[in-house]
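Go ahead and model the full structure; you've got the sequences and the hints to work with.
Now for the letters of each chain:
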Amino acid sequence: MTTSYEYDVLVMGAGLAGMRAALAAHEAGVRVAIMTKVHPVRSHSNAAQGGINAAMTDRGDDWEEHAFETVKGSDYLADQDAVETLAQEAGREILTLEHMGVIFNRNEEGRLGTRRFGGQKRARTFFVSDFTGQAMLHVLYEQLMKARVPVFEEWFVTSLVKDADGRCAGVIGFEIRTGQFALVKAKAVIIASGGLGRVFEPSTNALICTGDGMAIAYRAGAALMDMEMVQYHPTTLKEKGLLITEAARGEGAYLLNRDGERFMKRYAPNMMELASRDVVSRAEQTEINEGRGVDGCVLLDCRHLGRRLIQERLRQISDEVHSFAGIDLVKEPIPIRPGMHYQMGGIKTDVDGRCWDKHGVWAGVPGLFAAGETACLSLHGGNRLGANSLLDTVVFGRRAGRCAAEYAREVPTPHVPDSTVGMEQQAVSALLSRHDNRDSVATIRHEMGVAMNTHLGVFRDQEGMTTAKGTLEALRDRYSLVGVQDKGQVFNTSLIRALELGFMLDCAETIVCGALLRRESRGAHFRTDYLHRDDEQWLKHILLYHQPGGSSRVEYLPVRLTRWEPKVRSY
Amino acid sequence: MITTFRIRRFNPETSPSRPYFQEYKLDTDRADTVLDALIHIRETLDESLTLRCSCRGAICGSCSMRINGHAALACKTKVQVMASERGVVQVEPMNNMPVIKDLVTDMAGFWNKVRQVQPWLQPAGQEPEGEYLASSESMNHLTGVMGCIMCGACVSDCAALEVDERFVGPAALAKAYRFVADPRDGAGRSRLLALNEPGGMWDCTRCMECIEVCPKSVGAMDRIMSLRSRGIQVDVPSTCGARHAEVFADLIYRKGRLDEPMLAARTFGLRNFSRLLSLLPMVLRAFVRGKVPKSGPFHRAIPGVEKMRRLFQRMEERL
Chain A
1 MTTSYEYDVL
11 VMGAGLAGMR
21 AALAAHEAGV
31 RVAIMTKVHP
41 VRSHSNAAQG
51 GINAAMTDRG
61 DDWEEHAFET
71 VKGSDYLADQ
81 DAVETLAQEA
91 GREILTLEHM
101 GVIFNRNEEG
111 RLGTRRFGGQ
121 KRARTFFVSD
131 FTGQAMLHVL
141 YEQLMKARVP
151 VFEEWFVTSL
161 VKDADGRCAG
171 VIGFEIRTGQ
181 FALVKAKAVI
191 IASGGLGRVF
201 EPSTNALICT
211 GDGMAIAYRA
221 GAALMDMEMV
231 QYHPTTLKEK
241 GLLITEAARG
251 EGAYLLNRDG
261 ERFMKRYAPN
271 MMELASRDVV
281 SRAEQTEINE
291 GRGVDGCVLL
301 DCRHLGRRLI
311 QERLRQISDE
321 VHSFAGIDLV
331 KEPIPIRPGM
341 HYQMGGIKTD
351 VDGRCWDKHG
361 VWAGVPGLFA
371 AGETACLSLH
381 GGNRLGANSL
391 LDTVVFGRRA
401 GRCAAEYARE
411 VPTPHVPDST
421 VGMEQQAVSA
431 LLSRHDNRDS
441 VATIRHEMGV
451 AMNTHLGVFR
461 DQEGMTTAKG
471 TLEALRDRYS
481 LVGVQDKGQV
491 FNTSLIRALE
501 LGFMLDCAET
511 IVCGALLRRE
521 SRGAHFRTDY
531 LHRDDEQWLK
541 HILLYHQPGG
551 SSRVEYLPVR
561 LTRWEPKVRS
571 Y
Chain B
1001 MITTFRIRRF
1011 NPETSPSRPY
1021 FQEYKLDTDR
1031 ADTVLDALIH
1041 IRETLDESLT
1051 LRCSCRGAIC
1061 GSCSMRINGH
1071 AALACKTKVQ
1081 VMASERGVVQ
1091 VEPMNNMPVI
1101 KDLVTDMAGF
1111 WNKVRQVQPW
1121 LQPAGQEPEG
1131 EYLASSESMN
1141 HLTGVMGCIM
1151 CGACVSDCAA
1161 LEVDERFVGP
1171 AALAKAYRFV
1181 ADPRDGAGRS
1191 RLLALNEPGG
1201 MWDCTRCMEC
1211 IEVCPKSVGA
1221 MDRIMSLRSR
1231 GIQVDVPSTC
1241 GARHAEVFAD
1251 LIYRKGRLDE
1261 PMLAARTFGL
1271 RNFSRLLSLL
1281 PMVLRAFVRG
1291 KVPKSGPFHR
1301 AIPGVEKMRR
1311 LFQRMEERL
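Protein chains in written order, with our numbering: chain A, 1 to 571; chain B, 1001 to 1319.
Since the hints were derived computationally from the structure, they do not count as laboratory data. By construction, the Cβ of each residue, glycine as well, lies at the ideal position given by its N, Cα and C atoms. One or more of the hints may lead you astray.
[As the list claims (entries may be wrong)] Cross-link-like lysine to aspartate or glutamate pairs, in silico, EDC-like; alpha carbons within 20 Å at most:
1. A/K487 - B/D1046
2. A/K238 - B/D1250
3. B/K1078 - A/D319
4. A/K240 - B/E1043
[Claimed, not checked] Partner residues are not named here, just some residues of chain A that face chain B (Cβ under 10 Å, in silico):
5. G110
6. M145
7. G488
8. S494
9. W564
This is how it looks when you write it as structure tokens:
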């Protein structure tokens, strides 16, 4: 017996992008629900610490400058029309969040205050201490409760459903608590399920960031774009790879090498510690590789900021560093290193979240939308600026929600046979009933993560990436045989980790595929065998489509330039 | 160092389904958290061990559980600190909520209570064109309570909830305070009126457990006390809770020590005959054992009570 539900719009994921999308669809007057594998406030948007960018024109800032710095930060791979939309709509969105109740930091006049962030000359980052993501996430959840948007809490989506014409018709998922499958019919589906950080080991990302949405869309026929663009954050804690906010440097912290030298002066003399993330991460890795590091790390020094500022503006990381590394920020520098942090690539969408192809028609699955880290517009191109990800989630979450609502009004209710659930259920049962073969999901995942971090990290080359490709192929074979020890129906996290690993392997393969194709160095994709950016050949996006049998079909899409011609990028 | 973990297991699908303790031994080092250990157990020893966890950095609030008897985030608790307390590390699911499986609890009740306080901003008047003006201090003050990650630790260990399911609990009350103290919120009075009802802000017994176990220093009990004093300030209709506080202070002011029978009588109201009568059996039992304290005219002020009164005056000047 399976249950089925019906909505106009279904959102997969309840982080900032998902909740913002659901609220926008709700305001537009359609029936919307959210399905999420964790409670909304457990989402990884929580982890965004430093803030959210917006050029508020009423206080003398200039949205074009924000847009240009975003384009420059992206190493000119961002689509400039999308970036313009982002920068123009930022201010309005900050005010909406403030009116909803976000307790943004204030200046002396009681108006919204800002701090500086990397890759930008002006202080245009609005913030709540150093837990801006959490403060926004909880407020959006408040609004969701107020609007009584139904949430399928702790439900795991296994696949997208299409009707006979190939149109998006909803999702199939199961309730984690009971193991019961259900078909949720929807005219439009918005995937907002976040990133894929756990494909790498270590990563700043939460354990839930397993690329589910990207893999589900890819399998259903949508394009994944620029998957090779993986951001390494310059400041992650040595111990477990936890994130130390860029706000620390925004507030004035230094990066030091073994000799106590502020080495960024040799790499980015103007912007120093606040150059864009790819530049700083490469500088750090170079220092470490050339023997000027400290036990595989460099040092982040906050001592001169003083206890009061640290207490007021960096409280969370001060606690974090204290509990996880036993270090008092006020007294000692922190050992940090670059660590995998964010996926710039993702499900290819237009500025309204539609999974459109390069000709402006639905690619693969009509009715499929995406927003947030799962999606790729491309806004962030080869490298995302700090504090642009929160902005991305709310601006494009809202746009996707509104557009999906409009779309859902125009299309009829899709027809899907209930038997589709049975087939999906059987596939999962087959996985559950496999015998233990002494291999384990955890081992395969770990080997994948280490291979990705070793060969697709800050520096890449043909040889290493080919090795990674081979490793992934072998792991894929092992994955097809691995058993799940827990055979129960109730809260079977063993099963969930096995399903997630399947999604992660898909994502890993597309990252390697894109990285091998792109024979240049741009943004976060830095190849020691192709040291320079090559605008003649590579001012274009790489789109990958799933093909039965594993390999991807490749398409290229020129970058949309509006007002900024690519220039040499220096900080 | 070899550490023994004693973990409470429960699987509703086995029969009979009863909770039991299972022990695992692991080699741990100084940096390991309880979450690291639990993940290690499920990855190498027993895949079926079930828990919620996500961020590993004390920000998502998933991995709340009782460790050596007190609620804590597994990701923020060091194994060896716990092991040094009693040799083993005992891990159990949170209290005051039903267990689904192993360390996973059902938090639906928790969220229902949060919803009960209408946890969204209810501004008064027209929305401004720009942002609401608010002082930097007021917003900074709110970061303390907005730091709450809704992990449930305070609710797990709340002594009042253990005996009174209707109590809305520390997490929901801290959330309510976040709005009452927000200068942009216009519904403060109606919020306080609602919290004045049974099950609301007066049902906290001030055991301090919520302050003790909170991984984010939200200080729920302090917020509850702030709600109470704001309630008294805006003259929410007098309830036993508010009167208890007022009479307490008045008796101390007058006599320098507590007149307990009078405290009870005036809290319930001297004309509240039925309630006072209901106390009679207890009073009689206490009388038989010679434990009824002196009261009224027989209860003298302490010597030097003037000094006490000066303390009160000084406090009032400060307020």
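Hint check:
In summary, the hint linking A/K487 to B/D1046 is supported, as the alpha carbons are separated by about 12 Å, within the 20 Å threshold. A hinted pair counts as satisfied when its Cα atoms are at most 20 Å apart, and A/K238 with B/D1250 does not qualify at roughly 57 Å. Annotation: proposed proximity of B/K1078 to A/D319 holds, straight-line Cα distance about 14 Å (limit 20 Å). Annotation: proposed proximity of A/K240 to B/E1043 holds, straight-line Cα distance about 17 Å (limit 20 Å).
A distance limit of 10 Å between C-beta atoms decides the matter here; for A/G110 the minimum to chain B is near 4 Å, and the interface restraint holds. Checking A/M145 against chain B: minimum C-beta separation of about 6 Å stays under 10 Å; hint holds. Proximity of A/G488 to chain B holds as hinted, the smallest CB-CB distance being about 5 Å (cut-off 10 Å). Proximity of A/S494 to chain B holds as hinted, the smallest CB-CB distance being about 5 Å (cut-off 10 Å).
The beta carbon of A/W564 is not positioned within 10 Å of any beta carbon in chain B (closest approach about 30 Å), and the interface hint is therefore violated.
Consistency with the previously given hints fails for numbers 2, 9, ordered from lowest to highest.
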